[in-house]
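Peer 1: Residues per chain are reported as follows:
4 protein chains.
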Amino acid sequence: MDFALDPRTEGLRDNLLDFMDSHIHPAEDVFRKQLGQLGQLGDRWAWDSVPVLAELRAAARKRGLWNLFLPGEHGAGLTNLQYAPLAEITGRSHLAPAALNCAAPDTGNMEVLAMFGTEPQRKQWLEPLLDGEIRSSFAMTEPDVASSDATNIATRIERDGDQYVINGRKWWITGAMNPNARIFIVMGKTDPNAERHRQQSMVLVPRDSPGLEIKRGMEVLGYDDHDHGGHAELEFHDVRVPVENLIGADGDGFAIAQARLGPGRIHHCMRSIGIAERAVELMCARAEQRIAFGKPLAEQGVIRDWIAESRVRIEQLRLLVLKAAWLMDTVGNKGAHTEIQAIKIATPATVQWILDKAIQVHGAAGLSQDFPLAGAYARIRTLRFADGPDEVHKNALARHELRCQAVARQHSHA
Amino acid sequence: MDFALDPRTEGLRDNLLDFMDSHIHPAEDVFRKQLGQLGQLGDRWAWDSVPVLAELRAAARKRGLWNLFLPGEHGAGLTNLQYAPLAEITGRSHLAPAALNCAAPDTGNMEVLAMFGTEPQRKQWLEPLLDGEIRSSFAMTEPDVASSDATNIATRIERDGDQYVINGRKWWITGAMNPNARIFIVMGKTDPNAERHRQQSMVLVPRDSPGLEIKRGMEVLGYDDHDHGGHAELEFHDVRVPVENLIGADGDGFAIAQARLGPGRIHHCMRSIGIAERAVELMCARAEQRIAFGKPLAEQGVIRDWIAESRVRIEQLRLLVLKAAWLMDTVGNKGAHTEIQAIKIATPATVQWILDKAIQVHGAAGLSQDFPLAGAYARIRTLRFADGPDEVHKNALARHELRCQAVARQHSHA
Amino acid sequence: MDFALDPRTEGLRDNLLDFMDSHIHPAEDVFRKQLGQLGQLGDRWAWDSVPVLAELRAAARKRGLWNLFLPGEHGAGLTNLQYAPLAEITGRSHLAPAALNCAAPDTGNMEVLAMFGTEPQRKQWLEPLLDGEIRSSFAMTEPDVASSDATNIATRIERDGDQYVINGRKWWITGAMNPNARIFIVMGKTDPNAERHRQQSMVLVPRDSPGLEIKRGMEVLGYDDHDHGGHAELEFHDVRVPVENLIGADGDGFAIAQARLGPGRIHHCMRSIGIAERAVELMCARAEQRIAFGKPLAEQGVIRDWIAESRVRIEQLRLLVLKAAWLMDTVGNKGAHTEIQAIKIATPATVQWILDKAIQVHGAAGLSQDFPLAGAYARIRTLRFADGPDEVHKNALARHELRCQAVARQHSHA
Amino acid sequence: MDFALDPRTEGLRDNLLDFMDSHIHPAEDVFRKQLGQLGQLGDRWAWDSVPVLAELRAAARKRGLWNLFLPGEHGAGLTNLQYAPLAEITGRSHLAPAALNCAAPDTGNMEVLAMFGTEPQRKQWLEPLLDGEIRSSFAMTEPDVASSDATNIATRIERDGDQYVINGRKWWITGAMNPNARIFIVMGKTDPNAERHRQQSMVLVPRDSPGLEIKRGMEVLGYDDHDHGGHAELEFHDVRVPVENLIGADGDGFAIAQARLGPGRIHHCMRSIGIAERAVELMCARAEQRIAFGKPLAEQGVIRDWIAESRVRIEQLRLLVLKAAWLMDTVGNKGAHTEIQAIKIATPATVQWILDKAIQVHGAAGLSQDFPLAGAYARIRTLRFADGPDEVHKNALARHELRCQAVARQHSHA
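Going down the list, the protein sequences come from chains W, R, V and Y. Quick note on the UniProt record's numbering: the first sequence kicks off at 1 and runs consecutively. Quick note on the UniProt record's numbering: the second sequence kicks off at 1 and runs consecutively. Quick note on the UniProt record's numbering: the third sequence kicks off at 1 and runs consecutively. Quick note on the UniProt record's numbering: the fourth sequence kicks off at 1 and runs consecutively.
If we strip away everything but chain W, and leave its shape as in the complex, we get:
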């Protein structure tokens, strides 16, 4: 057992930390202003057209901080364990993932295309995504069914000659309000009579397909998240795409969705830890500066308790995420299934707790637009639903534990 980083990760980490200080953090205000100007021109959703982002991307690419998330030949070729500490750092600024072309949902979509896409699909969609020229969305969740169970997905994809015809409703499709989200990966039911895990397939649907309607943006605690493309409600009315747009084989939908989940979760978790670290920084800084009843808040025992608890929780959480990454690298996503579930359970709850305390230390200002805490809180809160609410994951993890314990009991009695 060894808790030290390897030299390549160490080097990238230094590089990235330096880039955060020199480029990312100074750009945060600029981005906000430029996006505001765009909004006044009626284009508030087109967040990735903001000039400063293009500059950041060029700089990141030049430094070799590009597509770090993607293993294999198409990306930086890092293991999950190597990428994890870097993803954490990008979590500290809203701008960083986009600047490094490591932002969800594009990352997961690129993985899907890299793993399951045909040569033409990769040519047409993966390449511009890897170059950061276009963006994409992943359209799975539906308003009418409990989408935490992916086998419920009901949007209909029917074959008609050499086309698929799509009908249905989706919502919470992150990034899809952005007009530059050119391509959607849509999950739907191709064969209602197949075995339960083989009923769904995924197809590529270009944004401008006739019959695809962007209904509205969903809000999260008052935020429309236009600064990363919002969360759209979509309707598909007889949308037609060529059969070549199928990803993988007919009936592969559930399997592809599962494959996409593992890395996606671990990226979210690592970035969330970066958010927690940022929150602790802000909490400490505020606690030192703010005087109440004659002394800095930092000398109040209750606030110290929060700071200590935050540190102790973050350290535990990070190690759990890193171990899950290591398992994904060594025994595969399937072998790491329980650990991935564990980080999905632990991360949002822990980080939400820390953000709540950091906000409390800031007073009402902590809830306002003057600090990044409230926005972070909203984002983290949604993670307790993203690909299934906490309770679903806890239930599954407990079932697994009960099974393991039953096996162990039998073994010890044998």
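Not one of these hints is a red herring.
Copies of one chain are not kept apart here, so a pair can be met inside one copy or by any two copies together.
With a Cα cut of at most 20 Å, we get these calculated EDC-like pairs of lysine to aspartate or glutamate: (1) Lys33 / Asp224; (2) Lys295 / Asp390; (3) Lys62 / Asp131; (4) Lys189 / Asp238.
None of these hints come from the bench; they were simulated from the model.
Since chain W is already given, all that's left is putting chains R, V and Y on it; use the hints.
Peer 2: Chains R, V and Y in isolation, oriented as in the chain W frame:
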């Protein structure tokens, strides 16, 4: 001891419950739409100009559901204990307090004017407020000092002949973005050399006073709360008002602020309990309707646990608030000080917990604009700061408990 | 609504508080020593033979502080609402309930005999119990079934001529290790083929019945609770009693058990609040006296937070229990069912939390025999199981809430 | 970074797991019975004279499972990271640490003698301890001072010619009730005028020294812990030892205490994780077997939630402890100070939570002598005080965090 409502309260309660069903709830969507139209005309903050609200007000007044909050001759003449169960009901809809002319911060301001205002002040400002013709704001909190300790308030109010000249900065001034908030009660320092609790005074400052600048609206999570007038940041640059605008005597600022607090807190707490009840309703309804993994959520043990906990917590909380109201009526606001502090501590934390669970039962929809839960969450979260963060109140309550216990120990050893 | 005590309760309260100071608290050490001496003579379980207890009882009786728990002609005739504040006070000392002849499980057993006993049964058993001459046990819980569902009770009671023959196993039979627990109320199955709630009956079984074996005392966190008769495991081997020993009618067992529960729970809850008050007293006293890192613990913010939280929680809890008592008096035990369940859920959890904090303030001493906190902790912890674990009650309360909400929804749509 | 065990640890782990199954667990009941018999002979504290323990020790030693805790030449020579997973396993049974000669407080005392003892001291005391022939105690904590701050220790050690004369009071001296605890390491004040951290020294005091009085055993909840030597209160009345009994130099007391802490804490934490694992096993087994309301408890959502939470918390905690061990090995105990503090904070709280849930799943039986859960609960609860209550450690850790953040802020502004 007796836990039954008296007949007058019982009668008003039936009246109000009926009004909620027949008028308030049906008007909620109408209000939202009409306010949206107003917004498109560039007047999004003028929430109380929305037509449906005028209709609701006329109807409420006709039914005798008007100014229920105000004891004494100027209002409905209810005790706190009588008003409390009615305030709870108004908490169930965002529209109800305004429809009954029982909305903060006007309620507190009317109390101040009724108790401390001169005849001309009451004529000019209290009467139109009681009639619901204008609105008002209470300008105390400042960005640069920990305002939970009111003696910190630093805005300068200097006498210059027969005028006061005001200079300073305020923020989180609720309702002040609304152009119809015609009058501000401003707290500031008139005598920096006086004894600590006699340095501040309150003056009436009309909205259109030269030098009074409305800088921006503060946001709470992602909400600007334009639907009840927002929370303004204000700047006072040599703002001048006649000395007749002083409320009470010079140096009375702190005392008036204290007097204003008690009823204000209890109203907030009662309405918050109404919010909690609404959350439980929505949670139960959703849990019955939503099917996941083959059965309604209502049959999941974890969700039942939340429902039971919510009910048990609400019942306790309500009784505590009612007892505080009873104490205010029987021993006065000062005698009820500890109990008022207790409800200030208990209410937001409890209701926040319940809202979080209600949201979780709704999935991501619970955080969206499709349910009132997320907005309620944001409002309740701010209450953990309103007139002092939880920690300040807990600290004071503990000091009081330690003192009482010390006295009891001495007594028992005597 | 009115939160003041009535004069009779007020008078008894003063009387009892005075008695606590003048008699009970000074006797606590004496009791411990005398019981220790008894133990050395081989009679450690005969706690109610300790001389000082006889003196306390005589004094209490003389003061009119006797059988306060019992409504109606046989006892003091108080309502539940009147008895509740008195029961709370007795909770502050381990000795008080016994001194006033208000100790469980005798209280519940006397209620059963007063309500359901025949004249001869009352003559033979109720009278000496009311006089405090003998003690009793209630034998319901069984090791082999989940006894939280009373219909599971499996001990067999078979009629054989004019006798009942009893076979089965019981455990956690409180008080039964005391040789002076002369009579056991035993619940068992008389008719396995009857309707589910009519299968069980209760019979009176004298302690010295042949075939009744006291197997061992159960321990609770290391305590054998010999100072109030322990918790016995019992075996019944063909134990025979005359048919006249049946309480009520054949098949009444479940109904009697239910009738016994309501008052029993409310007494436990009130006494538990007394324990919590005692804990807060000790916590405050210790916090003032103990110096660490240069200042009293009472000046540590975290400890103040515990003190404040304790106070706020106790106040809420007490009101909930009082309201449940009021409901029992006004609408009956059945009408108060949900509220009784609510106090059963809320009380042990809240008091356990407070005791944990009080212990923490005392350091390791808080867990030792030098303070009453650890013993109280063990007793309160068992209440989370007594007549059903928390989870069973929460589940039932949630079901009830869901039903009420469903009815309300239908009503509002009608 | 690498989360796999090295081969030597892997081998010892297999060896130890096998030993647990083949020897330790089957001996648990035997030990209890033999100790009971000893108790009837009046020697209940002499727990290490129980025959089955001698057999276990012989077997363990033969298998090379002996003194695993001790790095360097005197012990097994494992690193902390290697010993940690083994210590965890020993935590699963009360008997295992003693069987392997790895039980506190002897482990810490052996470390002290190995690191700081003179040759004659090691010959006389370390050797029989390493051979498991005698036992020892560490006498630091005092009833009259907050001993969490070791500089408070007030027992007087005065030089008189070639002797030290000791006067003072100690309590919670674990193991000292056992007549075979032959040697006590006593910390006391040798120079009240020295610099604060140089006032104390440690001396070796044989049990049978005249003037050393064993007053009584302290209880923890209701346990006297006679099965591992209890926790004694001691008085020193002019106890005299030769100056050669000084450990290290005069004034080294504080430094030796600090050196002893690191490994001691990590051993406690690892064993505690073993306790938590055992609790999860028992919880799962019970949940599968116990039927209530028609289905096994394992199908209740709330219980699944506890199982999932337990697993997620244990995984995080173990990684934190392992990382602390790794840091101790790589940067030394001082460098690992914050991490050691973190595990001291996190471990008892987490394990207490898990034990509480495991108990709850067992019903009242979980609190009784029929399961190891209640005893484990008592032991874990004391860890929240052992070498300082949680709050002291949290406060220190927060201070450290605030300092680190302040440095980082300065750096980023430079």
